[in-house]
Amino acid sequence: MDFIHFFFVSTLLFVIGVGGVILNRTNIVVVLMSLELALLSVSLNFIIFSACLGDLTGQIFAIFILVIAACESSIGLAIILVYFRVRGSIRIDQASLLKS
Amino acid sequence: MKFALIFQNDTVAFLPELFLAISILVVLLHGSFLGVTAASLHSYLTPSMVRLTSGTLFLSLLLVINNPVESQTLWNAIFIADYLSTWAKFIIFIGLLFCVSVSESYMFSARFRAYEFFVFILGIALSLCLLISSYDLLSIYLSMEFLSLIFYVLAAWKKNSYFSAEAGLKYFILGSVASIFFLFGSSLIYFSLGTTNLASLALLTENLSVSSAFIYFGLVCIVSALLFKLGAAPYHMWIADVYEGAPTLVSLIFALVPKVAFFVVVLRIAFTSFWSLFPTLWEDFFCICGLLSLFIGCLCGLGETKIKRILAFSSVGHVGFLCLGLASGSIEGIQAVLFYLVFYMLTAAFLWVYVLHLDLTSNSSLLTFADAIGLVRSNPFLGFGVVLMIFSLAGIPPFGGFFAKLNIFIGLVDSSFFIVAIFAVLTSVISAFYYIRLIKIFYFEKNNNWFFFAPLTKGASIVLVLSGLIIIFFMLSPNLFYLLSYKVGLGLFF
Numbered sequence: 000m001d002f003i004h005f006f007f008v009s010t011l012l013f014v015i016g017v018g019g020v021i022l023n024r025t026n027i028v029v030v031l032m033s034l035e036l037a038l039l040s041v042s043l044n045f046i047i048f049s050a051c052l053g054d055l056t057g058q059i060f061a062i063f064i065l066v067i068a069a070c071e072s073s074i075g076l077a078i079i080l081v082y083f084r085v086r087g088s089i090r091i092d093q094a095s096l097l098k099s
Numbered sequence: 000m001k002f003a004l005i006f007q008n009d010t011v012a013f014l015p016e017l018f019l020a021i022s023i024l025v026v027l028l029h030g031s032f033l034g035v036t037a038a039s040l041h042s043y044l045t046p047s048m049v050r051l052t053s054g055t056l057f058l059s060l061l062l063v064i065n066n067p068v069e070s071q072t073l074w075n076a077i078f079i080a081d082y083l084s085t086w087a088k089f090i091i092f093i094g095l096l097f098c099v100s101v102s103e104s105y106m107f108s109a110r111f112r113a114y115e116f117f118v119f120i121l122g123i124a125l126s127l128c129l130l131i132s133s134y135d136l137l138s139i140y141l142s143m144e145f146l147s148l149i150f151y152v153l154a155a156w157k158k159n160s161y162f163s164a165e166a167g168l169k170y171f172i173l174g175s176v177a178s179i180f181f182l183f184g185s186s187l188i189y190f191s192l193g194t195t196n197l198a199s200l201a202l203l204t205e206n207l208s209v210s211s212a213f214i215y216f217g218l219v220c221i222v223s224a225l226l227f228k229l230g231a232a233p234y235h236m237w238i239a240d241v242y243e244g245a246p247t248l249v250s251l252i253f254a255l256v257p258k259v260a261f262f263v264v265v266l267r268i269a270f271t272s273f274w275s276l277f278p279t280l281w282e283d284f285f286c287i288c289g290l291l292s293l294f295i296g297c298l299c300g301l302g303e304t305k306i307k308r309i310l311a312f313s314s315v316g317h318v319g320f321l322c323l324g325l326a327s328g329s330i331e332g333i334q335a336v337l338f339y340l341v342f343y344m345l346t347a348a349f350l351w352v353y354v355l356h357l358d359l360t361s362n363s364s365l366l367t368f369a370d371a372i373g374l375v376r377s378n379p380f381l382g383f384g385v386v387l388m389i390f391s392l393a394g395i396p397p398f399g400g401f402f403a404k405l406n407i408f409i410g411l412v413d414s415s416f417f418i419v420a421i422f423a424v425l426t427s428v429i430s431a432f433y434y435i436r437l438i439k440i441f442y443f444e445k446n447n448n449w450f451f452f453a454p455l456t457k458g459a460s461i462v463l464v465l466s467g468l469i470i471i472f473f474m475l476s477p478n479l480f481y482l483l484s485y486k487v488g489l490g491l492f493f
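Chains as they are written, first to last, in numbering that gives the first Met the number 0: chain U, 0 to 99; chain B, 0 to 493.
Everything labelled a hint here was simulated from the structure, so no lab data went into it. Owing to the predicted nature of the structure, the values given are computational and were not obtained by experimental measurement. Please note that the accuracy of each hint is not assured.
[As the list claims (entries may be wrong)] Among the chain U residues that face chain B by a calculated CB cut under 10 angstroms, a handful are:
1) Phe7
2) Ile15
3) Ser49
4) Ile89
Backbone N, C-alpha and C fix where the C-beta goes; we use that ideal spot for every residue, glycine too.
Make the full structure from the sequences, and use the hints.
As structure tokens, then:
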């Protein structure tokens with residue numbers, strides 16, 4: 000079995016996730032979803048490599064990534080909530096007060 | 000019982016972290032039990048939390064100094080205790096003690112009544128300690144996330160401010176992208192070498208003649224993520240916005256403490272585990288990052304009128320110097336980096352405490368140069384100190400900052416990076432322009448209004464005096480810092 004094909008799938012997911020963060024201009028929740036997608040693609044990556052190498056470290060890494068992903072999304076939602084309270088919207092293109 | 004015996008040495012070497020982890024819980028309980036009873040208790044809660052937090056930090060500082068283990072890997076080689084980690088922990092504890100000692104008056108005047116801030120400070124201390132002694136990509140990632148999650152929350156701490164919420168949001172999104180890149184890079188390293196432990200990676204890559212593109216790409220991803228957290232140049236876009244939007248006390252923490260820990264991690268990755276890739280990867284990478292940071296630090300700072308943004312861009316420039324120190328790749332380069340880190344932290348402590356003091360007295364939410372004009376007339380001594388510190392940042396001879404830059408240049412010239420060194424001198428001259436313009440505004444600008452500056456508190460003046468005296472009178476006994484940084488740098492290699 001050729002593991003490099005699995006690697007292509009997870010790398011494609013990673014590119015979609017990072018591209019979603021970079022290209023998205025309007026909605027912050029979509030950015031959060033793209034971040035989650037990228038994190039999950041990396042943990043998929045680790046699991047594939049761990050199966051490929053017959054080594055356990057990658058699976059441990061993947062479990063820790065899941066934990067961190069949960070923490071990160073909860074903190075991200077909390078920050079979005081704070082932002083929504085002061086600004087009244089969560090459009091990302093309006094977040095440019097500090098630039099001027 | 001047997002389990003306890005197996006990890007006996009590890010527990011002894013890990014005492015400061017264990018102590019911090021337990022004391023976080025104690026401080027949290029103290030705050031929540033005292034804070035829940037009555038709102039009026041808040042005026043009493045902050046001072047008690049300050050004392051408790053600084054006591055905890057001081058005790059862990061003593062534990063770090065009295066660490067009996069000289070050099071050993073801990074917990075199945077996930078962490079390491081050595082000279083570098085001991086002294087880096089010492090420096091970050093000093094930095095955090097500075098932050099705590101100026102926090103009380105700021106929280107009182109800015110009407111922040113949240114005791115959680117001190118729990119977060121202890122959390123920062125714990126995560127930085129773990130980050131400094133990390134010896135595995137997994138533990139580096141976990142402690143980096145621990146630190147970043149606290150920082151995201153702290154940046155958005157001022158809940159009723161547009162700027163703070165926006166800073167928190169930007170920091171969160173960009174920081175998460177950086178940590179995802181770190182993970183992707185470490186997965187590639189894991190794929191190509193089959194382990195994530197830094198010592199095993201060092202052994203595996205020692206005689207690597209043909210290395211795959213996976214290793215290079217993975218390493219570029221990992222170090223880019225670390226340089227993002229430091230605010231080096233291609234990854235600097237968050238730093239000015241976050242420093243400006245976050246509450247000043249939080250920007251003080253951002254500016255002071257994390258740089259040391261992240262540079263220790265970069266040193267471990269570049270010099271310990273992937274030392275064999277130095278000529279093919281690290282030299283060019285750090286040179287490009289350093290030169291770009293210097294360039295951006297000096298050009299973007301020229302047009303700024305806000306003090307916090309100027310300090311942010313100046314920190315980008317100084318991280319550029321540190322990257323050039325890494326690029327020289329010799330023991331002198333490492334020594335220069337450690338030396339520079341200490342002096343940059345002390346100078347930044349002085350200037351940020353001064354900005355914190357300005358923030359208390361000015362009405363506008365974003366500090367501009369106009370807020371700083373009256374200082375020299377109302378408090379000439381502090382004004383003169385600030386001017387000397389700015390001279391030190393610009394690299395004028397008798398102060399510590401000059402010697403820090405000189406070490407970097409010596410390291411570069413020793414490794415025959417002549418053109419890079421000339422370019423660094425040129426950008427340093429350009430950035431001296433805006434530092435000196437700052438001094439001109441302080442001393443010679445006329446203002447119509449008479450400014451009032453609140454007197455300094457005891458904690459703030461202790462921080463100012465300690466950091467100022469070390470920078471100004473560094474000339475009197477330079478050997479201490481030189482020998483110490485040399486010893487720590489040698490400890491990284493052997």
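Satisfaction of the U:Phe7 interface hint, Cβ to chain B closer than 10 angstroms: 13 angstroms, violated
Under 10 angstroms, Cβ to Cβ, is where U:Ile15 needs to be relative to chain B, so tell me if that hint holds or is violated. 12 angstroms, violated
So, as I understand it, the hint says U:Ser49 touches chain B; can you test that by seeing if any CB pair is closer than 10 angstroms? 8 angstroms, holds
Min Cβ distance, U:Ile89 to chain B: is it shorter than 10 angstroms? 9 angstroms, holds
Hint check: violations occur at hints 1, 2; the rest are consistent with the structure.
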